[in-house]
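Protein sequences appear in the order of chains A and B.
Under the working numbering, the first residue of the first sequence is numbered 1, with each subsequent residue one higher.
Under the working numbering, the first residue of the second sequence is numbered 1001, with each subsequent residue one higher.
In case anyone wonders, no lab produced these hints; they're calculated from the structure.
All C-beta atoms, glycine included, are put in the ideal place defined by N, C-alpha and C.
One should not assume that every hint holds.
[Claimed, not checked] One-sided excerpt, in silico: chain B residues whose CB lies under 8 Å from chain A: (1) I1016; (2) S1022; (3) V1023; (4) V1198; (5) S1208; (6) M1213; (7) W1241.
[Stated by the list, open to error] Beyond 10 Å from chain B on every Cβ pair, some chain A residues (computed): (8) I16; (9) F23; (10) G36; (11) T54; (12) G82; (13) V83; (14) G152; (15) E171; (16) A176; (17) C181; (18) L192; (19) P224.
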Amino acid sequence: MIRKPTRPVLILQYTILILGVLFAVYPLWFAFLASGRTGDRLYTLNLLGMFIPTEWTFENYRAMIFDRPLLTWLRNSLYVAGVTTVASLVITTSAAFAFSRFKFYGREFALILLLAIQTFPGVLSLVAVAQLLTALGLYGKHEGLILAYTTGTLVFSTWNMKGYFDTIPIELEEAAMIDGCGPIQSFILIALPLARPALAVTALLGFLAGWGDFIFASVLVPAPDSMKLVVPGLFSLANSQSVPWGNFAAGGLLIILPTIIVFLMLQRFLVSGLTVGGVKG
Amino acid sequence: MLFTGPTIIGILLFNIYPILLSVYTSFTNRNRFRPNPDCEIFLTGLLDPLCWPQFRTSAPVGLGQPYRLQDPIYANYANLIGNLFTPEALGAMAAIALCFVPLIAASFVNRRLNQMLEPPISPRLVWLGALVLGFILATVVNVAQAYDTLMRTGDFVVVVFRTLLFVIARVPFSFLLGLTFALILNSDNLPGRTLFRVLLFVPWAASSLAILMALIWQFFFREQGTINQVLALFGFPGFAWLRDPVSAFLIVVLVDTWFSYPFFMIVILGALQSVPRDVYEAAELDGASWWQQLTRITLPLIRPAVLPATVLTSITAFQMFGTVWAITQGGPISEVGRPGATEFVIVYAYKQIFQTQNYGNATAFAVILFIFLFTATLYSLRLTRITKGAYES
């Protein structure tokens, strides 16, 4: 492992890596090629055309953006995911701070309880959540979905943030308290700025909860088309026989690529934020 | 209290309440024909939102009969797993367990052998012997028949067994892929390392939109899909990949491996960076081969980081929904009324709730799953703590 690799070893390593990259990236590349083919020509019989673009048209992109409600779906998704992010950040950071700093009665029990709850499969609470939202008059509305997502991220985000707050030395806040800060001030002025990496991770996870979800979005906001979020919307497109597959490929790429780019940019942040905060005791 | 208030209310309403309602529903006969509550029953009136004052007026009336508690109260549970406790089923389970006895014994023997300086027989031979013995036992007790008996006890066993099979198939695959890439990417003299790492990481980045990516994957395997087109190009007949139980199962495993190996890769890469270099130098001096270095140094040293990650991904794999739903929707179904070949636990529960509307059964299933997942999570937490301790000391 530390000796200088010989030529055959190097060749073997690159072969494995290149095969791996092909495996990793080809599905996206395939979707990219399909998105550039004209309407109903789903396939190309041209073997070369499966690897490099032999023909190209923006027709599918045009159709997705102007003829189909993609932009409406996108707006809905951004709205739902954005509000979910903000709400879950505000709610969970304060709760996590309390769990981390104040030794109140039942703290340990509350933390274990949080964990217990998290393991209940989300799909199975859907019926109850749907009934609850109907009772609140929020079924079929974006606000109901936001409520469901925010409460869905609560447990994990609280654990994550609490783990991070635990690593911030309490002495800093004690010093601030001596200088005359109340608990709320020491939270906002001292702890929050220090917890920025964990905040970013919590925000990203909150955003993804609303952005990538399918089940809740399709059950809680089933219709009409103009209310749908982008993932259920595209899913229904892909499953309807009358829609050219190229349209789906174009629309899917328009959603997937930005997500991947953001993910790759935040990758280091994300991995370290998750492992630093993490689900620890 | 001010800080935790909203969190506690949110958790009570949207996390604990659904669990309570599910547990309660699992004791009732609520289904498609009995969808409505009978608010006169105290617990129903308390728990079902349709009975709450502000909602009572809009509650649908006269659609079928109201649901009530089962008689006996555990009927749904008995329906799901009751058949597991008949003499035949217990016998079948015992028969299958018997085949694994030699393997367990072998691991015990090997642990003892490893403590000896000069083991009388090589551990590999012990494993081989155990495997052979296991196979002999399997033919003697007729495992195939025992398996059939178990599978006929009801949906529960079938679904849980398939899901476990999926986890067992998928986790080692993604672990091996992740390990291979991580080992290569960790070597020093490799131009283009960062580029490869980023590209290999792409599937995980795409996994937040798993359902859309899975649809793209599905397109490869459709009857009119890419693979059959390529086969046709070379004059081979196409194959209905998603209609065959085995190939559909394997395709789901493949696609989910695609989503999950980058996670292992990143975890292992991180762990590898904390392995001190001089250990390898010492091993080199002692003449250890590459394979010995891998199995005796690298793997044991990255174990504390990798083990919790493995348990966690196993738990998530157990609850996998989106990928299967997009690719097979739980199919293919070989017998009417039985779960399909890729109908894993959550898919099964989803279908029971939203397609057959068999609420009572589905919630009983959910409660059993919940108990199982809860235990598994607690275990993984304990593991994390133990391994964390091992890191620090």
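Here is how each hint holds up against the structure:
| no. | hint | result |
| --- | --- | --- |
| 1 | I1016 | holds, 6 Å |
| 2 | S1022 | holds, 6 Å |
| 3 | V1023 | violated, 10 Å |
| 4 | V1198 | holds, 6 Å |
| 5 | S1208 | holds, 4 Å |
| 6 | M1213 | holds, 7 Å |
| 7 | W1241 | violated, 15 Å |
| 8 | I16 | violated, 6 Å |
| 9 | F23 | violated, 7 Å |
| 10 | G36 | holds, 15 Å |
| 11 | T54 | holds, 15 Å |
| 12 | G82 | holds, 16 Å |
| 13 | V83 | holds, 14 Å |
| 14 | G152 | violated, 7 Å |
| 15 | E171 | holds, 20 Å |
| 16 | A176 | holds, 17 Å |
| 17 | C181 | holds, 15 Å |
| 18 | L192 | holds, 12 Å |
| 19 | P224 | holds, 20 Å |
Of the numbered hints stated above, those contradicted by the structure are hints 3, 7, 8, 9 and 14, listed in ascending order.
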